[in-house]
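Trainee: Given these sequences and hints, build the entire structure.
Residue strings, one per chain:
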Amino acid sequence: MKRIMMATLAMVFAFTAFAADKVTVTHWYWADNPKYSATMQQMAADFNATNGKGITVVAQEYPWDGGAYSETLFRAVMGGGGPDTSSFKLTSTPLFTANNLLVNLDSHLNSWKDKSLIEASLYDTMRQASGTKSVYVMPWNTQVLYVYYRPSLMKKAGIGVPKTYAEFLEAAKKLTMDSNGDGKTDVYGFGMRGAKGGQEPWGSFIWARGGNFEKMDSPQAIQGMQDYVDLFKNGYAPPTAPMDGFQEIIANFKSGKTAMTVHHIGSSAGMIETFGDDVDAFPFPGGVGKWTSMGDTENVMLKSAKNKDAAFEWLAYLATGKGQETWCTVTGNVPVSKTVKELPFFQSNRFMKVSIEGAPWAGILPILDTTTEWINNIWPNTVSAALLGKISAAEAMKKLQAGLWD
Amino acid sequence: MIKRNSSIWPYLLVAPALIVVLTVVFIPVINAILMSFQNYDLRRPGRIGFNDFKNYVDVIRDPLFWSALWKTIVWVVAGVGLQFVFGFILALLLNKKFPGRGVVRSLSLIPWVTPGVLIGLMWRWIFDGNYGVLNDLLLRLGLIQESLPFLAREASAFPAVILTIVWQGIPFFALMLLAGLQGIPEELYNAADVDGANGIQKFFLVTVPSLKSVIYVTTLLRIIWVANSVDVIFNLTEGGPAYATQTLSVYIFNKGNSLNLGYAATLSIMLTLVLATVAVRYLKTMFRNQEGKA
Numbered sequence: 001m002k003r004i005m006m007a008t009l010a011m012v013f014a015f016t017a018f019a020a021d022k023v024t025v026t027h028w029y030w031a032d033n034p035k036y037s038a039t040m041q042q043m044a045a046d047f048n049a050t051n052g053k054g055i056t057v058v059a060q061e062y063p064w065d066g067g068a069y070s071e072t073l074f075r076a077v078m079g080g081g082g083p084d085t086s087s088f089k090l091t092s093t094p095l096f097t098a099n100n101l102l103v104n105l106d107s108h109l110n111s112w113k114d115k116s117l118i119e120a121s122l123y124d125t126m127r128q129a130s131g132t133k134s135v136y137v138m139p140w141n142t143q144v145l146y147v148y149y150r151p152s153l154m155k156k157a158g159i160g161v162p163k164t165y166a167e168f169l170e171a172a173k174k175l176t177m178d179s180n181g182d183g184k185t186d187v188y189g190f191g192m193r194g195a196k197g198g199q200e201p202w203g204s205f206i207w208a209r210g211g212n213f214e215k216m217d218s219p220q221a222i223q224g225m226q227d228y229v230d231l232f233k234n235g236y237a238p239p240t241a242p243m244d245g246f247q248e249i250i251a252n253f254k255s256g257k258t259a260m261t262v263h264h265i266g267s268s269a270g271m272i273e274t275f276g277d278d279v280d281a282f283p284f285p286g287g288v289g290k291w292t293s294m295g296d297t298e299n300v301m302l303k304s305a306k307n308k309d310a311a312f313e314w315l316a317y318l319a320t321g322k323g324q325e326t327w328c329t330v331t332g333n334v335p336v337s338k339t340v341k342e343l344p345f346f347q348s349n350r351f352m353k354v355s356i357e358g359a360p361w362a363g364i365l366p367i368l369d370t371t372t373e374w375i376n377n378i379w380p381n382t383v384s385a386a387l388l389g390k391i392s393a394a395e396a397m398k399k400l401q402a403g404l405w406d
Numbered sequence: 001m002i003k004r005n006s007s008i009w010p011y012l013l014v015a016p017a018l019i020v021v022l023t024v025v026f027i028p029v030i031n032a033i034l035m036s037f038q039n040y041d042l043r044r045p046g047r048i049g050f051n052d053f054k055n056y057v058d059v060i061r062d063p064l065f066w067s068a069l070w071k072t073i074v075w076v077v078a079g080v081g082l083q084f085v086f087g088f089i090l091a092l093l094l095n096k097k098f099p100g101r102g103v104v105r106s107l108s109l110i111p112w113v114t115p116g117v118l119i120g121l122m123w124r125w126i127f128d129g130n131y132g133v134l135n136d137l138l139l140r141l142g143l144i145q146e147s148l149p150f151l152a153r154e155a156s157a158f159p160a161v162i163l164t165i166v167w168q169g170i171p172f173f174a175l176m177l178l179a180g181l182q183g184i185p186e187e188l189y190n191a192a193d194v195d196g197a198n199g200i201q202k203f204f205l206v207t208v209p210s211l212k213s214v215i216y217v218t219t220l221l222r223i224i225w226v227a228n229s230v231d232v233i234f235n236l237t238e239g240g241p242a243y244a245t246q247t248l249s250v251y252i253f254n255k256g257n258s259l260n261l262g263y264a265a266t267l268s269i270m271l272t273l274v275l276a277t278v279a280v281r282y283l284k285t286m287f288r289n290q291e292g293k294a
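Protein chains in written order, with full-length UniProt numbering: chain A, 1 to 406; chain B, 1 to 294.
Treat the hints with care, since some could be wrong.
[Said to hold, decoys possible] Take a look, some chain B residues computed to stay more than 12 Å from chain A by CB distance:
no. : residue
1   : V20
2   : R105
3   : T285
4   : Q290
[To be verified] Estimated spans, in silico, between C-beta atoms of each pair:
no. : chain 1 : residue 1 : chain 2 : residue 2 : range
5   : A       : N180      : B       : K54       : 58 to 68 Å
6   : A       : D32       : B       : S210      : 49 to 59 Å
7   : A       : E61       : B       : S210      : 53 to 63 Å
8   : A       : N349      : B       : V77       : 52 to 62 Å
9   : A       : A120      : B       : S67       : 23 to 33 Å
[As the list claims (entries may be wrong)] Think about it this way: if two alpha-carbon atoms lie no more than 25 Å apart in a straight line, the pair counts; the simulated SDA-like pairs of lysine to any residue are:
no. : chain 1 : residue 1 : chain 2 : residue 2
10  : A       : K254      : B       : R44
11  : A       : K184      : B       : W125
12  : A       : K22       : A       : W64
13  : A       : K133      : B       : P45
14  : A       : K233      : B       : P159
15  : A       : K133      : B       : R44
16  : A       : K196      : B       : S156
17  : A       : K133      : B       : S156
18  : A       : K233      : B       : R44
Hints were generated in silico from the structure; no laboratory data involved.
Beta carbons are placed, not taken as given, at the ideal position from N, Cα and C, and that holds for glycine.
Mentor: As structure tokens, this is what we get:
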């Protein structure tokens, strides 16, 4: 009997010691399509098989939901739950740091051998977003917005790729066509995004006229807004534009309903699948000023992470390891790792080239504690009011200025 | 044998239910009331604290509150009103004997048992201005010449969401009224026949008065549910375009989602007050009618 008890105890100790070596990191992410979803699961499996430190990453997917992902994550963490690490958007940084929910990554970064593989300027952007001198957000990948277009439609309209903002507005007009001669428009020049997320392409119009986000009620910014409204009012954008979001602008472009639309390289694989060579891209052209939105996706470690070293191993795998190469190759996003950027795939991709071309004037919206509400509620409702003629461009810009800065 | 203390025993029996109600209803309600007097914005945790009646003053001055309140009134009156009318018609039809009545009764419940989120997404595609089946149907029938962006125009977005909630709520009224119809004694109709009443007279003088209590209870329940409904509108339009479909409950949801919980709590209290006013008045009328009948 004594022997059996001893043997049982020995087994329990052995199991406990074995279990103690195993560390589980729960990671939350979103995926734009099933392929990206499968890729993230493959990456987690690859990391689990190769990290050699007994770390198991459990990747859990949550919907992006037009940006509501960040609020879902916030509520989960504030409620005492949530993951150890998560995919993240820079604009949410003030909310999370103000509530002391993120781990300061400085000490991990300082002892990390691959730190220099990421541009120092990116770390600066991360510091700036937190409003401190510390990095709380780990760079992962970026997406520079550009204009997708159909070369065959440009040829049909008898125009070339726009080089200036004025040419872009003219192209939107000329690409609006009645292609089957039934007296109705069936191709719209510009696939406008009036719902959530539309502030990114819209920003290019504001800057092209010499405006900026600091003073959105300036005459230049108002003129940019007027151009945006005119594209809709003159019928160069689909009548559904005030409520069109990401799915709608992509579906409209792929179905041939629109000839140009603004999105990033993340959509390129699907575009090539649909059109083959009859799709290309150009950077959003400048006028008086020049700006395009830099979409960004980062990863963070939450304060509640049980094993912070293990969590950082995973973040490092995503930022500069095999995870960086796999994710950016499949999604077409711009890598943050210098070595991955140098790989032939990224050097030869035509959409990557356009992304890199636009990078020098790519920027982000001011990161304030009002930004999330501005993006989710104020911008879509104010801009749709202007598009529908309920308020003027000047009134809309005044509201947008107050909503973001007051 | 244990001698039961008759004065304590009823309280002990009620206690479990009371504890549950206090925990899941009263504590959150008190918390919401307290929050409505605070600057409780999780985006600015450093500024959380009591601010007296500032939220209430801000709400009264907020044009979006008044616009959302007006939209809520239209949403409830049109939504519940049409649900009642069509629900009554359906109940009268289902009360008649015809082959396959059981199947029709079961099928008619589908909108009611479908989750609101799914209904929102489904009707969003039905109304879609580019690929929606409604546009396709209207075009094929020659009723329109070009697709209409139902959800992207102020004038059509609100009627579209009302149509959706009407579709969802008809089976509830039909089911409740059908149960009521089956409880009306046949003798009443026989007596009306003897008096020479025609169909319309029998409907207004026998059927409707007999269903009065059912009508009161079901409409009151639906008024409260529809006024509080967020899922259908949110999944159809999120309150847009240009706040055209933003009812009070959607406004509260949007504010709560923006983490301004103090302001969202204040809006919730205002909506509760409005609904409580309607409910009290409604119940008073109902009980007065019942007393009069007794």
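Trainee: Against this structure, judge whether each hint is valid.
Mentor: Hint check:
no.	hint	in the structure
1	V20	holds, 21 Å
2	R105	holds, 36 Å
3	T285	holds, 38 Å
4	Q290	holds, 45 Å
5	A:N180 with B:K54: 58 to 68 Å	holds, 60 Å
6	A:D32 with B:S210: 49 to 59 Å	holds, 57 Å
7	A:E61 with B:S210: 53 to 63 Å	holds, 54 Å
8	A:N349 with B:V77: 52 to 62 Å	holds, 57 Å
9	A:A120 with B:S67: 23 to 33 Å	violated, 49 Å
10	A:K254 with B:R44	violated, 42 Å
11	A:K184 with B:W125	holds, 23 Å
12	A:K22 with A:W64	violated, 30 Å
13	A:K133 with B:P45	holds, 20 Å
14	A:K233 with B:P159	holds, 23 Å
15	A:K133 with B:R44	holds, 20 Å
16	A:K196 with B:S156	holds, 20 Å
17	A:K133 with B:S156	violated, 51 Å
18	A:K233 with B:R44	violated, 39 Å
Against the hints set out earlier in the document, violations occur for numbers 9, 10, 12, 17 and 18.
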